[in-house]
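Novice: Listed below are the residues making up each chain.
There are 4 protein chains.
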Amino acid sequence: MNTFGQLLRLTTFGESHGSAIGGVLDGFPAGIAIDEDFIQYELQRRKPGQSRLTTSRKEDDEVELLSGVFEGKSTGCPIGFIVRNRNQHSKDYENMRELFRPSHADYTYHAKYGVRDYRGGGRSSARETIARMVGGALAKLLLRALGVQITAWTRQVGHLVLDTDYHQLDFSEIERNPVRCADAQMAEKMAALIMEVKQEGDTIGGVIECVVQGVPAGWGDPAFGKLHARLGAAMLSINAVKGFEYGLGFAGSSWRGSEQNDAFLPGFTTATNHSGGIQGGISNGQDIVFRVAFKPVATILQPQSTINLAGEATTLDARGRHDACVLPRAVPIVEAMAALTLADAYLAQRLSRFD
Amino acid sequence: MNTFGQLLRLTTFGESHGSAIGGVLDGFPAGIAIDEDFIQYELQRRKPGQSRLTTSRKEDDEVELLSGVFEGKSTGCPIGFIVRNRNQHSKDYENMRELFRPSHADYTYHAKYGVRDYRGGGRSSARETIARMVGGALAKLLLRALGVQITAWTRQVGHLVLDTDYHQLDFSEIERNPVRCADAQMAEKMAALIMEVKQEGDTIGGVIECVVQGVPAGWGDPAFGKLHARLGAAMLSINAVKGFEYGLGFAGSSWRGSEQNDAFLPGFTTATNHSGGIQGGISNGQDIVFRVAFKPVATILQPQSTINLAGEATTLDARGRHDACVLPRAVPIVEAMAALTLADAYLAQRLSRFD
Amino acid sequence: MNTFGQLLRLTTFGESHGSAIGGVLDGFPAGIAIDEDFIQYELQRRKPGQSRLTTSRKEDDEVELLSGVFEGKSTGCPIGFIVRNRNQHSKDYENMRELFRPSHADYTYHAKYGVRDYRGGGRSSARETIARMVGGALAKLLLRALGVQITAWTRQVGHLVLDTDYHQLDFSEIERNPVRCADAQMAEKMAALIMEVKQEGDTIGGVIECVVQGVPAGWGDPAFGKLHARLGAAMLSINAVKGFEYGLGFAGSSWRGSEQNDAFLPGFTTATNHSGGIQGGISNGQDIVFRVAFKPVATILQPQSTINLAGEATTLDARGRHDACVLPRAVPIVEAMAALTLADAYLAQRLSRFD
Amino acid sequence: MNTFGQLLRLTTFGESHGSAIGGVLDGFPAGIAIDEDFIQYELQRRKPGQSRLTTSRKEDDEVELLSGVFEGKSTGCPIGFIVRNRNQHSKDYENMRELFRPSHADYTYHAKYGVRDYRGGGRSSARETIARMVGGALAKLLLRALGVQITAWTRQVGHLVLDTDYHQLDFSEIERNPVRCADAQMAEKMAALIMEVKQEGDTIGGVIECVVQGVPAGWGDPAFGKLHARLGAAMLSINAVKGFEYGLGFAGSSWRGSEQNDAFLPGFTTATNHSGGIQGGISNGQDIVFRVAFKPVATILQPQSTINLAGEATTLDARGRHDACVLPRAVPIVEAMAALTLADAYLAQRLSRFD
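Chains as they are written, first to last, in our numbering: chain A, -2 to 352; chain B, -2 to 352; chain C, -2 to 352; chain D, -2 to 352.
Calculated directly from the structure, the hints in this document are not laboratory data.
There is no bait here: all hints are sound.
Identical chains blur together in the list; that is why a pair holds if it fits in one copy or across any two.
Derived pair list, reagent style SDA-like, types lysine to any residue, alpha-carbon separation capped at 20 Å:
(1) K195 x Q47
(2) K70 x E91
(3) K195 x E256
(4) K70 x R94
As the structure is a computational prediction, the values presented were derived from the model and not from experiment.
Bound-form chain A, shown alone:
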């Protein structure tokens, strides 16, 4: 199933070393101004080679919108798009035809499909997220028109944690440093750690925090379509994600109900926001706050024990150009998936009442 969303549906296709990554966004309402520069800008944010912290691969990712836009506005028809793959070094992956990289998807794709495009991870490559960036940028254009703002930042890299409450953070700092951390000093420490890990040929994980501001009460569904369940599925579908929590999350497991409950105040606001902006699966008008855990990238530049197609022991010496830490480039992907989820919930909300 390569489709995300119920009413606003993004269907993606493409492999890392194929002709193109692309997708179709269906269900996007007519009449929204399509700012193509903004879409391209969002793609740039995800792009490799933005700083010495990220992979040195140069990917000139240019999006071509193929349909669904006329005279600068959405027409209500599906928006098809492609981003050509260029600058691949497929030969770097020739040795992967025969063996399985540890903690990658090589073995599981082999087990599932028999046939496998082993070059650069094929469909399991994080290049697939290019299509999410385009879909997410379009969703952001819709949400922007509704006054909804999505902001993510690197909260943790390895043991380094920025645990400042987000109200105390200066969001304009995020795009000023290559780590996309919301604090300049912490960003420097994180950058240093990433460089250190990189020089060891190793990799490191972390946590991204995201806040969504301006969502009115009423978005999200009961039962299986709870807004946080949809957000969780969205985030967990991003490569390397291992965990999702919202509001107090795991930490709240040791709180008492009397501490955790958010008292209502006149004006339909709450005294605290331990709920993370969602109650019973539906937004309550407060900021939506969640965190996403990323494991360290599986490709390390150190020898690793593994097996080949025949199941025999062998050693992997990975080459290729890889990120030592995906967090900086994952920040816009988290935002994109949040945007797709929220725009979908907005459309669903338009159907909830008869009046």
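We have chain A; now place chains B, C and D onto it with these hints.
Specialist: Frame of chain A; chains B, C and D shown alone:
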């Protein structure tokens, strides 16, 4: 959207104080022996009033299968079922018509729908999980025939954490104690804590761990249908859940790639299982391991500040019979949702290859 | 797949001789007054035993709404419902365990599922349409609030055709005669034919015409969701339906474009309505007009050649109480499926524009 | 909703005068040999300009498969593809910005979306079927490997009807004449009629018949997923289609049950095939036979009364290059949609039993 699953689809309906909770399980293959006693047994595990730890409400939850079963076997046609609601004390909720309980879904339902069945939480009540238990029990019958075993237990209550590796645990202990903890001594401590919290009229949260054994390599989909994304959405759709992680989860964010990667061993197994049995969204044949964080129940028997329908400040004195800690009763619900997710992934796997 | 609709989704379950027929209507907006008497009235229209023309089976089909309605209004939550099966004569079908009735679904279910509830056709019985009647009645309540009116009538029985343009018909006649023909004289002829066929132990088919008035321009989708494609799928899913056409339909195949085109008139109406109210798959504000062809019922009270489970030749002597012509009872079913389709299209239309 | 199918899902995009027509085929199993020449051949069959009977527009429709194929085989990942639009004469349509062509989708799109790509019909253009041809060709590759053969031909043009039973037809004749009629003599008459109509600046409709051979018993679903309901929806989603029938269809409405029933014969075949190969919505192993009615093309080269955006009366003088009869080019489109429907039903059938 009250339907869960892509190929095996559970559609649920029902409110806490309506006539019945029920559902339809569609896509269940023909020819599976339907053990109705097992379904009823699973319902009993979720039932209130099993011990002094849980609510004293007596719910005689008897399932009636209405279709899709003939002479003891599934027919491939949809399995409709209902569980009648009995023993409700709707009057306990009369005061909730006019006010919003903090950190409940009262306000958000009101904001979304205008019309609201306020009795016992209506559709947002955890009684809705009865339908999940029935669907999950049916899914377990399918999985059992495939040799797949799902086991969940209470890993944490408040600050009390059982962090023993599950290979060291005796799973047969789980159903022997009212907390459904996999360790007898820890279970006693947890029970004492829950009683203490209950006597304060307060509530407490915790974490459930779940392991799925016997899943072969190949279940799960790329992109948006990653097995852990589906499991995450399933768990986050359970009432009171605030977080989900699999494998190393959040803790792994501070590990290096060289530490976290699972080396492959001859025979297509792995030296470690930090991946939690899923790589690239697809099962790799190792045990699937995940954890689910629950907040403390929002209904506390202490006065709380809140507002009424007009947005004016007021005080809530909750009555009713409630759990001080949902974890013990949530254990089978976690298993049920895991079963539905995995049975769905099994069916998808049957379509992955042409041969 | 036992679910109909995209946004308004009816999931049905139940077999002819099982405990109950039922369903879940999900996506029904909150705030619509639920007139339970109307739902029961619609069920009565479908019921057997209304006249000597139809089967003498007495089915006291009483619907019980189990959820989704509170204080007389829809709540936006799924509406679950059941209708108990009573008065079945399962023994009438005992001989069908071993053989396949010609032109029934016995053999195909056997081939598909292996397991088969042979009593009264099981899931393939027209009793399944009870759930469609309930869902359709709810959809009619929604459409009525929008000023949309659906009217179907028996246009043809055997060789007897009422080919009067519907503008010349008196719709109030339809419910006055047992054939549900919109012309009293033709109704008498049709009734006589049906009685004649019945006395021969034979059956006869016919055509139902349906007109939908009050649909504004804009309902329906491009490409695969064309309004007439959805209507066609809805009608073809009714037991015994063999054909669907709208507007000029098959007859228009021999017209010239210059004759068939509907000239636009000032005020956004058209001079003619050969399009049947739908252009490019989207309603144009004119009446929607379509016709549905039904084959004669497959159960005849004459000996027929057939085979048993082993594939050996045998003879079937059908018993049981059956309709000699389904058209009279199919009229409300056609309306119900049209209502579900149109209510779904209405919801989709609410999402087409951003403003 | 621009997606067709449940398990094998084709999502299409693209407007007549946009950059490209394209789509994504998701759910296609791994391991199927992808014959790109065959896909291109199928595209050629749909292409304009094949003979003097069809439009003189030259469309060099070259498909580019962008993903999902590796070393000549499907990988189980989504197959994205595009066909560039070239040779459009957008200026031919400049006058359509302001007015609505009778019996086209101009007005209804305007009413639905507000924004409208008026050039060449935009999304409502039959050029959209290019994506169906590609998806259908892929589905044919799957079906061919299963021994399923789909053959459609022009059965009627205007009043000229080829009503020979298909067993008496020579299918190899179909591709030998420009009308795609299965009889050479009738093809000549039809061609003459089309030329005559074309010289008048008029258009004409007709009927296509399609037979599917080699489908085993068991494909199709009960209730809403009946195989003929899916086929009907597929056909009715093709531009200009006004009717669908299978087996005896409308004609059978005047037959008696005793005449229409198909007696079973030893060996699980039937003496006749009035059912058209489908009973109870599920294939019975006999040939599947259906017919599709097409209206005459709405674009005629004669002055027509219409209105402009303001609702004022005006006259349309259509220009552009158009088909006088779509039947010849629609034959492969009917086959393509049948192939997508049947391949989807095949996948569903793989899930019906547990064994």
